[in-house]
Each structure stands twice: as structure tokens, then as C-alpha cells.
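Protein chains in written order, with our numbering: chain C, 1 to 290; chain S, 1 to 813.
These are computed hints drawn from the structure, not numbers from a lab.
Incorrect hints may have been included.
[To be verified] DSBU-like cross-link-like pairs, simulated, lysine-lysine; straight-line CA separation at most 35 Å: (1) S:Lys-351 / S:Lys-218; (2) C:Lys-64 / S:Lys-730; (3) C:Lys-153 / S:Lys-142.
[To be verified] Just a few of them, taken from the derived set where beta-carbon distance is under 7 Å, the chain S residues facing chain C: (4) Tyr-23; (5) Ile-26; (6) Tyr-33; (7) Phe-36; (8) Pro-40; (9) Tyr-47; (10) Leu-323; (11) Asn-516; (12) Thr-519; (13) Ser-521; (14) Leu-563; (15) Met-602; (16) Ser-604; (17) Ser-679; (18) Ile-710; (19) Tyr-713.
[To be verified] What follows is a set of in silico ranges between Cβ atoms, one per label pair, in the way DEER data are often shown: (20) S:Lys-156 / C:Ile-150: 30 to 40 Å; (21) C:Leu-58 / S:Ala-504: 51 to 61 Å; (22) C:Ile-150 / S:Glu-686: 53 to 63 Å; (23) S:Lys-518 / C:Met-147: 53 to 63 Å; (24) C:His-76 / S:Gly-243: 51 to 61 Å; (25) C:Arg-17 / S:Glu-686: 16 to 26 Å; (26) C:Ile-35 / S:Leu-574: 18 to 28 Å; (27) S:Lys-351 / C:Met-145: 32 to 42 Å; (28) C:Lys-71 / S:Gly-243: 32 to 42 Å; (29) S:Gly-696 / C:Met-147: 48 to 58 Å; (30) S:Lys-591 / C:Leu-58: 24 to 34 Å; (31) S:Asp-224 / C:Met-145: 58 to 68 Å; (32) C:Tyr-101 / S:Thr-548: 26 to 36 Å; (33) C:Tyr-39 / S:Ile-31: 29 to 39 Å.
No experiment lies behind these values; they were computed from the predicted model shown.
Glycine included, C-beta positions come from ideal geometry on N, C-alpha and C.
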Amino acid sequence: MRNRNEPKLTSLSASLRARTVMIYVVVGLLALLSIFPFYYMFINSSYSSYHILKQMNLLPGTIKQLVMNIKSLSGHPEFNFAIGFENSLIISTAATFLSVYFSALTAYGIKVYQFKLRNAAFLFIMVVLMVPAQVSITGFVTEMMSMNLIGTKWPLIIPALAAPGTVFFIKQYLDSSLSLDIIEASRIDGANEFYTFNRICLPIMVPALATMAIFSYVANWNNFFTPSIILSRLQDKTLPLMVYGLYSDRFTDYGQVFAGLSISVLPLIVVYLFLQRFIIQGVSAGSVKE
Amino acid sequence: MAIGTTKKSSGRRRNISYSRYGYFFIIPFFIVYLIFSLTPLFSTFGYSTTNMGETNSKFYGFSDTEAYYDQYLNLKDLYSSNFEGDVGITPKEYSNMKAYFALQKIITNQDPFNEEGMKAIAGLTDISDSAKANIQEYLSTKDPSVITADTMTALKTYSDTYKPLDIVVTNDLPKVISAISDIKNSSAVDTDAETLATLSTTIMDQIPALVDELTALKTAEVTDTNKAAVMAVDYYATKLNDGKAPGNSFDSLISFYNTFTTDSSALHNYSLYTTSQGLLKNQAITVDITKDLATLFTAGDWTTTINSLSTVPTLNKFANAELDLHNDQLLKDLTTLNDAGIINVDILVEKDGKLVLDTQNGLLSNLNNLIVTNFQPDLNKSHATAQIRRLSIYVNDMTARGIMNNLDAVKANGGIDKYMNFSGDRTVNVNKYLDYKSVLGIADKLNLAKYNALDAKRRSDEVTQAKADLADYEKQLPDAQAAYDAAVATGDAKTINTANEALATVTVGIRTENANIKTPSGILQLSAASEKYVFVGLENYKSIFTDTNRFNKVFGDLWNTVLMWLMNYVPQLLLALLLASWMTDNRLKMKGTGAMKALIYMPSLMTAATIAIFFYRTFQWSSNPESKAMAQQILRIFGHPEGYNFFAKPWAKRTVIAFINFWMWYGNTMIILIAGISSVSVSLFESAQIDGATSGQVFRKITLPMIRPIMLYTLVISLIGGLQMYDIPKLMGNGEPAGFFRGTKIKSTETILMYIQNQAFGPSAVHQVGLAAAVSVVLFVITCACSGVIFYLMRDKEAGRMKKLAKRGGDVK
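Using the sequences and the hints given, assemble the complete structure.
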């Protein structure tokens, strides 16, 4: 996937071919192992709770049971797919955009400009990278209460703008792939600093941004801890919260739960399949060729 | 943004002219971080110096002490004899004030004028037209005063006559909700293990007396006065015997009670509570162990039961007729609550000389009938009736409103409504409140100085009392110590145990009284606030490091976390590196790497809940040889027919959890490493190839050094994530099985974040937010230290040398 026009310097020897086959087998097995739980989740949507708890199902169950599970799911007072999907979509998309764009902005600012507080700013980001988010949850909730933001989407979207981990990753990426010459050239052509960033440097960062976008999207989509504290009304809930509403420590209908889990992960898989193409394209788009 | 001046001079001067742009680029990050992360973090640091749920004269966390005292303190309890003289305000004025708060509380809980409810009333077909018109008028004007007394009477009459089963059930539910929230909010319970042990002993000591009473009743002649008692014995003995009448009810009950005299852990038995409660109610016994049992249960069992129910979060919706009551789950949960004694809704009636369960009345019977008869509710009617109930409560409290509004001063200022808020912000607004108080003219009578004086007096009284009690205990100490030493000398375990408990009572007493002398609780102890923050300085930190038990629990959990992280990170990084090097190897030219990357990353898409269920089923062990769990099947193929219980041994369980985390994250790490390798200039690899380097050499000499920054990133991120490991161990059996750390029993897969979560929001009645915050801060410091060490060890030595050169004056490009 890197430079495909390189000359063939070596012919494939027998040992190399054997190694290639071995690698394919290993990677193939790992890939199978990775998607097996998805298969398990989907086929269990077509079993009754009793059969899910009794045995490990490896083959699809009956369509009738699948329809029953979906029916009981749509009749469940704590589950409404349309609302949950809309909320999850809004929160994940907005949070991912903010997180990726502003992290790129911050990382670029620190990488490119030699301002006075540059080292202090980077050191600060490195330090706060280590602050476990869950640690400050009590303070966060109290503050959101006083700002009257409990029950809204803002506490789940705005804080994503400041993602030290993403900044750090993009900064590391820029260290190895951004040449300051490009910026010089752009300046000489009379471009303003933000134009340079948006039009010239941002495309160079695409591999890193796409990687971080996937991570951020998945993390926001599956996030349970913070939304469970911030959102309480059904019309505000995200899909994972609704699926969790199906659980109970005593009488959980696992058929229903698996149907709910399958439905709630489907949109994520679609988004993922869409974004992962970006990574592969983005990586080959590459950066400065020397 | 203005275009920067493009100077075609030296690079140095350009840098200076552009450098200020850096601030524009980084400022959004810093503003948001400051507001949404740093401020909460510092308030968490603040919480770490407080304790929640304990009382002390100095407290922390409320913006206005005076409003707090007014709202939660019932001064009438404190000064019953000479209220006006002591407090400086007439009892009537004080009642007004409390009524104001009571009203505010109702409004906070349920808006008596919520629009949907009012619309439901307007939509009723069988109320009088005038009442309907009146409600319509309210809906258009939104002015509560337009609702006439006649309308209220008509509505009340309507709701009294409309009482189908669902309304009867709906009306009973608030009692259930309040019983549950009482237990959930109970902060009065001391969960101190020693206190609970003392409590258990007290209960066990009372049981012989209880049995004696039953024996006496057994031999007594049956008369009209003890007839109910004897029937109750029959009823409860039958109930304990799974509904079948035992041969002799008395003997059966007596032997039931005798099983509780020795083992304190057996006391956690709901039947013991409900049976004792029923016998007590019917005067079969007079010894009351239910109160102590209730305290014991509130500290643990009951909260666990409540948390395990599935409809509790939605109970309010059932009570507000927002959810259909034809719900088996609700019935099951209410039955469980009833069996556990948390609520008491069984009604017993006499039939043929025996007590039987009334199947026509009572919440459970009504709900059961509702479900069985498939009664179809009229949702609008139910909703409207619930709303009428709310409205009535509000109107009843208008009495308080009336008193307030009659005060000339309040009237002149626009009436009490000015200080109330029906929608929007529903919390007590301190400024508004103080404004209201000054209008009433009680602010200068009932002020903070007054409260502080009361507090000082009460504290000095407490200290005097505590000193007297302390002297008492100290007098007992030598005797108790001597008795204990003597018991040890005899070597009899039971005697030692009894003497030890007696000694513990004295030492705990001394410790408690010493604490009371040091920090008397003052009037705050009398307040009914559900949560209080008490400033304790560095006590929380001190207790983490000096209390051996707590130290071992905290650091044992930290040890578990680090172990499980290492066990997953090392193989994860190795595999990810291997895969990344394969997929980017020019010579291999693997096809379909995109698809494989996509597939291998897939596990990160799944929620921890699904993964936990999946792996639980995969490794689950059962004594049944037909167990279908995959791991057990594989073991069977390899000659272990009994399989292996992975969840019973600490190391096996840790390995399983580490494996799950490894499986979840190696794809993630691999993608990051691939991104890192891809950013390395292609020409480097090409020239290496031309020079005849092997794949291994390219990997060791070029790839590894070039991706060091990215590897550092994965290491730091994984370390931080690893130290915060929570969901998988939590969902895979909540930290079980038990293990040991420096001799203290801990849960072998409990992580440090689970400990924090348990302390702050766990099932225990007392939520130790302060301790949890302190442990968080310790965790934060440890994480910082670890990351610092990693950065130091992996720092870019080359860059460091260049920087030094640059400082010396060279302009290094």
C-alpha cells in the first residue's frame, strides 16, 4: 500500500513464500477471532433468554425467536431506537469533529510556532494526559449542575474539544511527518496562517486524524459512564444507555439484550467501515516526499 | 485573520513575527480544558479533604450555611419548652418558614401545574363543563390563581369516585418509593464494621429471650387476648415451611430462631426480619429485634436487593401513570421488596380460625388482580387522576401560602409567588430565599449568629457528656482487659470470643468518645439533610496510609490493576508490532491488509458488556460434563475431562481478564503503530532494501527507532487506560475471587477504580466520596510518577543534545 511502483529488487524465494503463507494464516486466524464475538452477538439475537443462559450457541437460532426478541425490544418502555440513534449520532459526530479538529489545531500550534509559552503548554498537555477522567467525575457533575447543563448534550460534546491524548498523538505524528518547509512555502505564496493550516497541513495529517476520529467516534458511541450520570430522561438517552436499561441483575431477558446490542452496534459498524477506508487511503496519500 | 507579513528574510526573524499565532491555535483547547476538566479536578481535590455522610460543626459543600440550617434543621425538636425565648422567633413564624420549605419540596419533586397533566384533566369527558372551562382558562393564562375552589371540589370528587384498580395501585406506589429512597438516602447508619459486629451480637443476645416468650406462649392457654398471637405463629411457621403446615408450629419457629444464636453472618436473613415483624405486630412476642435488623440490613443487604431490582428506576413513572401497570416485572419486584421486609403490603385476615393472606386488598393483590384480569386502563383518566392528586396536595399547602400572603409585608412585595418557581430552576435559590426572609422580617431574628450560638452551646454539652462517658469507659477498661487476658489463658475459643467482644465494646467506646470530644457534631447532627460534606483536612489521606486494613485494600487493588495491565500490555505490544511490521513490509506485499486491519480492529467497537458476556460464556465452568463452554471443550479435547474453573483461582481469573483486555486492544495498538510506520519516509526503507538489509534488520534498525515517539504514545495511553481498568473486571464477576494482599483479604481482580467507585457510589449506605476522591488523587500522583519515569527513560536523547546546542547559541534547524 506504500509506493507500489518500486522496482522489484528481490524475487520471492521459497522461504519467503512459506513465510508469507504462515503470516496469512496467523493474521487470518486473528481476524476470525476478532469477529467471532460479533457473530456470537448476532446469532444470539435469535435465541430465547433461557437458551442463551443454558448453553453456548454457535449456530443461528430461529427467525421466529428473532422476531419475538425484536418485538419485545420495541415494546420495552426503556428502549426507543429512533431516539437513541439520533442522540448517539449527534453526540458522537459533534464530539468527534470537535475533538479531532481542535486537537489538530492545538498540536499544529505547538509544533509550528515558537511562542514563549510553547514548552509550558506542551508540558501542561503531557501532564493532564495522565489525569484519569473518571477521577474528577464528582466535581464535573457538580459543575454541570451549577451551569444547568444536566440533561443536555453539551456536557458530552464540548469537553471533547480538549482531548490531550489526541493532541499528543497528532503532535507525535507531526514530529515525524510535517516538514516546516511546506509552511514556509505557503507563507511565501502569501497564504494566511489559518489557510495554511486548513488547506495545506490538515490534508497531510489525514492518516492521524482518521485514526483518531475512529477512536473518538467509537469511544463516544460506546461511552456509558458519563452519559449515565448526565442523562436521565428517555428522550435524551443514547443507545448504550437504552441497552443498559434492558439489563437487570435478576430477570434480564438476554434475547432482548442481544437484539438491542446488535441493533445499537450496527450504525457504528457502518460508520467504521466508512472511516476505515479513509485510513488506508490517507496513509498512502502520505506526506512530504523527499 | 490578518495575513501574516511575509518577509523573505532570515528564518529567525520570520519565526519571531509568526510565533504569536501559536496562541490563537492553542487557546480553544486551554479554555475548554480549564472549564470542563481542570475546574472539576480541583473541586475533586477539594472533596478529597471532606467526608460525606458524617456530621461535624464545620461543613463544606453548601453555598449558604444559613439557608441550609433553615431548610434542614427542625428547631422545635431542639427547643420544645421555651422556643420563642431561646430562638427569638414565634413558633408560628417558624412554622410558616418550614411550610414554605415543605411547599418548595413538593414543587421540586413534582410540578403541580405541569402542562401535560393539566391537559389530561382538560381532556376528561366526565367532569363538569365549568370545571373544564376553568382548567382551559388556566392552560391559556398559566395563572394558578384562576383555578377556583369549586373546580377543585369537582375534581376531588371525580378522583374519589374514579378508582379503578390501576389508580388504587398507583396511589400505593409513592409509599413504596419513599420506603426505598429512605433506605437509599439513609446516611444515619454507621457502617463501621465494629459497630455492625456489636449490633449483630446484640441481636443474637436477644434471641434466647424471644424464644422464651414463644415457649411461654406455646404452653399458655388460648384465650381471646392471645388468639391472634397463636394464629400468627401458625401463619409464619407455615410460611417458613414453604406454605405447608409444619407438625408443630411453635417447635418449628423455635428451632428456626435457635439457628441464629451463634453465627452472626446467618442474621442476614430476610425471613428472620419479616417473621419477627409479623410476630411482633400480632403480639406473639415483645422482644423487638427488627429495628436492629433493619439497621443491619440498611447497611448492606437491603441496598443490594433494591439495586438488583429492575423496575425501581421507573417506579416514579408507574406512580405517575406514565407507564402501563400490566407489568409482571413490577409485580415480581414488589413481591421481592415485600419478602425482604423493605415494604410491608401483605394484609392478613382471619378465616376459619386461621390467618390467611387477603387476596382482595393490598398492593400486591391489587396489582396481581390487575395483571390477571387483563384490565385495560384508560391512560388519560389515570394520568388526570394522578395530576388531580398533585393539585390537591398543592392546594392543601395553600394554607401555608395563605398565611404567608396575609402578612402585609409579603403582600406589598407581590406575594409569596414572587419567591417561587414552578418550572425552570427548581433548586432553592439562596438569594431569593434571603430576600424572602428579610421581607418577612425574620432574617434579623433567625440569622447565622443565632445558629452559631446554638451550635456552640450544643457542642459544649456534647463534650461534657462525652467526657463523662469516656471516664466511665476508662474505668471499665482494666477489668475488660483482665477478663480478656484470663480468657486467653483458658484457651477456650468461645470464651475468648465473648471476652474479646466485651473488650472491643469498651475500646470502641473510648475511641468514639475521644472523637466526640475532639470534634463534637453540634446542631448539624439534628439536621435532616440527605448529604453533608464535612471538612476533615488530610484525614482521608492519613487513613489510607496509616490504617493497615485500608492501606492493604487500596494498594492490593492497585497491585491487581498493575498486574493485569502488564499481563495484557506486554503481549499486546509484541503482537501489534509484529502485525504492523508484516502489514507494512514492502517485501511481503501482503494483499488485503486493509480488510485485515479493519477486522482486527473490530473488537474495539464492541461495548464491554457484550464482551464480558461472551467471554464469561466462553470460560464458564460447570461440574456438569456436558458444559458447552468453549474453553472447557478445548480442555476436554486435550485430556482434562473435568475442565478447569478459571474463575475460582486468582491467577487464572487475572489471566482471563488480561487476555480479554489484550484481545480488545491489540488491534487498536496495531493501527496506531501502522500509522506511525507509514509516516516514516518510504525512501529510508527503499535504500535499506537496496543495501540488502533483511526484513528483520529493517525492522530493528529503522522501523523501531523511527516509531519510538508513537510507541511511547501507546505505552503512556495504555498505562493510563490500564490503571483505570474498570468495566471488564467489574462485569466479569465484580472482582471475585477472593485473594490476599499482605495478609489482608481482598478481591483478587478488583481494580483501583472499582474501589473508588464502590466507595463513592457503591451499594453501601454511606457513600465515602471524600475517601474516594483521596484515593483518586493518590492514583493521579502514581500515574503521573509512572508516566514521568517512562518519559525520562524513553526521552529523545538526540533531540536533547540538539536543544542544548541551540541554547548555547547555535541556530539549529
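Against the structure, the hints come out as follows:
In summary, the hint linking Lys-351 of chain S to Lys-218 of chain S is supported, as the alpha carbons are separated by about 21 Å, within the 35 Å threshold. Taking the CA atoms of Lys-64 of chain C and Lys-730 of chain S, the gap is about 34 Å. The hint holds against a cut of 35 Å. At roughly 29 Å between alpha-carbon atoms, Lys-153 of chain C and Lys-142 of chain S fall within 35 Å of each other, so this suggested pair holds. Interface hint at Tyr-23 of chain S: satisfied, since its Cβ lies 6 Å from the closest Cβ of chain C, which is below the 7 Å cut-off.
The restraint placing Ile-26 of chain S at the interface with chain C holds, with a minimum CB-CB distance near 4 Å, inside the 7 Å limit. Residue-level restraint check for Tyr-33 of chain S holds (minimum Cβ-Cβ distance to chain C is 4 Å; threshold 7 Å). Annotation: interface hint on Phe-36 of chain S holds; nearest CB of chain C at approximately 4 Å, less than 7 Å. Evaluation of the Pro-40 of chain S hint against chain C yields a held restraint, the C-beta minimum of about 3 Å falling below 7 Å.
Because the beta carbon of Tyr-47 of chain S sits about 6 Å from the nearest beta carbon in chain C, less than 7 Å, this interface hint is met. Hint on Leu-323 of chain S holds. Least Cβ distance to chain C is approximately 5 Å, under the 7 Å limit. Taking 7 Å as the C-beta cut-off, the interface hint given for Asn-516 of chain S is violated, the closest approach to chain C being about 28 Å. Because the beta carbon of Thr-519 of chain S sits about 23 Å from the nearest beta carbon in chain C, more than 7 Å, this interface hint is broken.
Look at Ser-521 of chain S: its Cβ only gets to about 24 Å from chain C, farther than 7 Å, so that hint breaks. For Leu-563 of chain S, the interface hint is violated, the least distance from its beta-carbon to any beta-carbon of chain C being 18 Å, above 7 Å. For the restraint placing Met-602 of chain S at the interface with chain C, the shortest Cβ-Cβ distance is roughly 5 Å, inside the 7 Å limit, so the hint holds. Because the closest C-beta pair between Ser-604 of chain S and chain C is about 6 Å apart, less than 7 Å, the hint holds.
This hint holds: Ser-679 of chain S has a C-beta 4 Å from the nearest C-beta of chain C, less than the 7 Å allowed. Hint status for Ile-710 of chain S relative to chain C: holds, with the closest Cβ pair at about 6 Å, below 7 Å. The criterion of a C-beta within 7 Å of any C-beta in chain C is met by Tyr-713 of chain S, whose closest approach is roughly 5 Å, and the hint holds. Here the CB-CB span from Lys-156 of chain S to Ile-150 of chain C is close to 35 Å, well matched to the stated 30 to 40 Å.
Against the hinted window of 51 to 61 Å, the Cβ-Cβ separation of Leu-58 of chain C and Ala-504 of chain S comes to about 56 Å, which satisfies the hint. Between Ile-150 of chain C and Glu-686 of chain S, the C-beta spacing of about 57 Å keeps the proposed range 53 to 63 Å intact. Between Lys-518 of chain S and Met-147 of chain C the beta carbon distance is about 38 Å. The supplied range of 53 to 63 Å is therefore violated. The given range of 51 to 61 Å is broken by His-76 of chain C and Gly-243 of chain S, whose C-beta atoms sit roughly 33 Å from each other.
Remark: the range hint 16 to 26 Å for Arg-17 of chain C to Glu-686 of chain S is upheld by a beta-carbon distance near 22 Å. For the pair Ile-35 of chain C and Leu-574 of chain S, the supplied restraint of 18 to 28 Å holds, since their beta-carbon distance comes to about 22 Å. Our hint of 32 to 42 Å for Lys-351 of chain S and Met-145 of chain C is violated, since their Cβ atoms are close to 54 Å apart. Checking the proposed 32 to 42 Å range against Lys-71 of chain C and Gly-243 of chain S shows it holds: the Cβ atoms sit about 36 Å from each other.
Distance hint check: the CB atoms of Gly-696 of chain S and Met-147 of chain C are about 56 Å apart, consistent with the given range 48 to 58 Å. Distance hint check: the CB atoms of Lys-591 of chain S and Leu-58 of chain C are about 30 Å apart, consistent with the given range 24 to 34 Å. Checking the proposed 58 to 68 Å range against Asp-224 of chain S and Met-145 of chain C shows it holds: the Cβ atoms sit about 60 Å from each other. For Tyr-101 of chain C and Thr-548 of chain S, the Cβ-Cβ distance of about 51 Å falls outside the hinted range of 26 to 36 Å, so the restraint is violated.
A hinted range of 29 to 39 Å for the beta carbons of Tyr-39 of chain C and Ile-31 of chain S is inconsistent with their spacing of about 46 Å.
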